[in-house]
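Trainee: Listed below are the residues making up each chain.
Number of protein chains: 2
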Amino acid sequence: MALIVQKFGGTSVGDLDKIRNVAERIARTYDQGNDMVVVLSAMSGETDKLLGLAGKITGFPDKREIDVLITTGEQVSISLMVITLQSMGYKACSILGHQAGILTDSSFTRARILDIKATRIKELLAEKTIVIVAGFQGADKKGDITTLGRGGSDTSAVAVAAALKADKCEIFTDVDGIYTADPNICSKASKLDRISYDEMLEMASLGAKVLQIRSVEFAKKYNVPVHVRSSFNEEEGTMVVYEDANMEKVVVSGVTHNKNEARITLSKVPDRPGIAKQILEPIANARIGVDMIIQNTRAGNMTDLTFTVPKPDFEAALEIERKVAEKIGAEEVIGDSNIAKVSVVGVGMRSHSGVASKMFSTLAAENINILMISTSEIRISCVIEEKYTELAVRALHTAFGLDAS
Amino acid sequence: MALIVQKFGGTSVGDLDKIRNVAERIARTYDQGNDMVVVLSAMSGETDKLLGLAGKITGFPDKREIDVLITTGEQVSISLMVITLQSMGYKACSILGHQAGILTDSSFTRARILDIKATRIKELLAEKTIVIVAGFQGADKKGDITTLGRGGSDTSAVAVAAALKADKCEIFTDVDGIYTADPNICSKASKLDRISYDEMLEMASLGAKVLQIRSVEFAKKYNVPVHVRSSFNEEEGTMVVYEDANMEKVVVSGVTHNKNEARITLSKVPDRPGIAKQILEPIANARIGVDMIIQNTRAGNMTDLTFTVPKPDFEAALEIERKVAEKIGAEEVIGDSNIAKVSVVGVGMRSHSGVASKMFSTLAAENINILMISTSEIRISCVIEEKYTELAVRALHTAFGLDAS
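Residue numbers (my numbering), protein chains in the order written: chain A, 1 to 405; chain B, 1 to 405.
Be aware that one or more of the hints could be misleading.
[Unchecked claim] Simulated DEER-style distance windows between Cβ atoms:
1) B:A286 <-> A:G45: 37 to 43 Å
2) A:D193 <-> B:G52: 42 to 48 Å
3) A:A126 <-> B:A316: 35 to 41 Å
Calculated directly from the structure, the hints in this document are not laboratory data.
Note that the structure is a prediction, hence the values are computed from the model and not measured.
Yeah, the Cβ is synthetic: ideal placement off N, Cα and C, and Gly gets one too.
Go ahead and model the full structure; you've got the sequences and the hints to work with.
Mentor: If you want it as structure tokens, here you go:
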């Protein structure tokens, strides 16, 4: 007997038939003698439908009110799930974010969990009730409803699992698990049985959209074993856990790509102290996140500065930099949204050398020009022209010995 | 400057255009310098749509979960209203039932309000924010979401008005006010400018569906002046207030009818003490409400007992009484769902005599047979054959001098 937290996403509860399928899956695990807490997302499409309504009223709806609006989606799915489980003869009860004691800060639409008082959930578990928790939502200390950002239900699930000291946290999704590369572009990609929290963090931040990045941070911080698996079959998925000695034997665990960035270059910038701040501060003030930054030296006390921003913020960032360029006397602002970032990730890099040079030579062998480079302890990323993305991923996947045999 | 509570029903907020119209109406009242609290229902059709989903899962969904499900309707309408008001430049904030401090008992789907701690609403009013409150919902002392029954938003509005000691409570609806009879069947019906709480209570319980009956009880108990008026025009509607001397001058204020009851007769019941209890207790145990009861004496120590129940409960009640009849040795159980109740209501009856005989003679003059009679201090009701309903209402309306000139 174990305490298991399961999370099902929107596509898994998209209609009453799918809700019934999930209910049967929950029931099977419960019937094996486990205590069950299940976190649900809104039925697929609901959140976007509600945001669409607000968007028809104004382009800038208040974030507090958006959270009041969109949290109704999970409220509907949890009550329908409980009604379904009860109709099958199971004891079940729905719990909203604030009822679950999920306390967050007041950053509406992207709140962070501060604490979970899972008192009510524990009471229900003690009487063998299956607890169905609304994902994605919490409440701040005033009692206002907050949401945790896109994919926030993952974080709800991991946080509840941490608060309850659950034996495991299963994230059911529409993929089988974490792959060595995106199977849509790399047919030789294979599913990983295990991956470390750190690798998963790098992969999540690089565009592998399986888990919300905060949920992985939470899982790492509270040592919650997370099992990412398919809601459509019974196969084992990928365990996200602390790294172990076996993991280090593999140099690279996966190859990821991200087409969601664009780069901006200011050329012939006067090279003086504080210039980078003058260029990047207005971007930060506009709440645009900068990923990579590169500064090249030119002859004649001049420099070029290049950085990347998310594609949706590209035009706004370009606009800002045109004004900055004028002010600081830079020659030109060049924007390029036809780029992609390919990365190799692996905790094995900590103990193996030569990974970077192997990556660069692999790309060179395919005649792919590297535009920018950035690295972390367990990752090397290269920005390349977007059109080479798939080729680069496949070449790296082969070069690092990841191709399924 | 006054503190005004307004309530808008589902048809008034049925789509974004209608929400905009209501927002403009709220804004006009606010611009006159008033403090504003507005209670909203769900967008029309939403509650039924959600109940339909639950009904597809099981015929007997859990009431606690139903309340979790259907309260999302009001949550959507209040957030959309606030976003609309803000887009027009007004300070507004949405408040859910539990955030408004609306404490109820735990009778899910038909909870009663126990107390309102309107702390949060008062804080918002102090900073001149327009407060948009979710109608129909509250929370019990465990924090579980409850609903107040169909039409419960009326009660939310009156209860909030009482808690805030509001200057007035305006109920906006799809009718102009309270009429002397249903204008659909009596073309000479006219709108009442004023009606007493007691008359309104009798009318509401008799089938005039304008206000939820509990809202009137609340208004009477806390002396909240309620203004029932149209959301589609600016005309004055009907004020529901304490009775005054002027009201007593009018003998009958209105004629109402109710086609939603059926009657059941047990004939040749042995006439002995306790027999009525034996007949009616099983009905009460099945939570079926009995309205009128009549017992006639027959020759030979036998009696007939007749009572009325709501039409939706007719078949169930008939089934119960067939078993009862067998047990107590009654000869026959006769059911009749083709009946209607017509009533005349007026506080003036307290000081005028001859109202009953005038009613009976009016019906007799139209050859309408009276099947059952019941009275209160300010009401006389007759059960007649259903097919005579419209004729009876019009004849009584004329006889009591209510026809519009």
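Trainee: Run every hint past the structure and note whether it holds.
Mentor: Verification of the hints:
1. Between A286 (chain B) and G45 (chain A) the beta carbons are some 42 Å apart, a value that agrees with the proposed interval 37 to 43 Å.
2. Between D193 (chain A) and G52 (chain B) the beta carbon distance is about 44 Å. The supplied range of 42 to 48 Å therefore holds.
3. Distance hint check: the CB atoms of A126 (chain A) and A316 (chain B) are about 38 Å apart, consistent with the given range 35 to 41 Å.
Violated hints: none; the structure is consistent with every hint.
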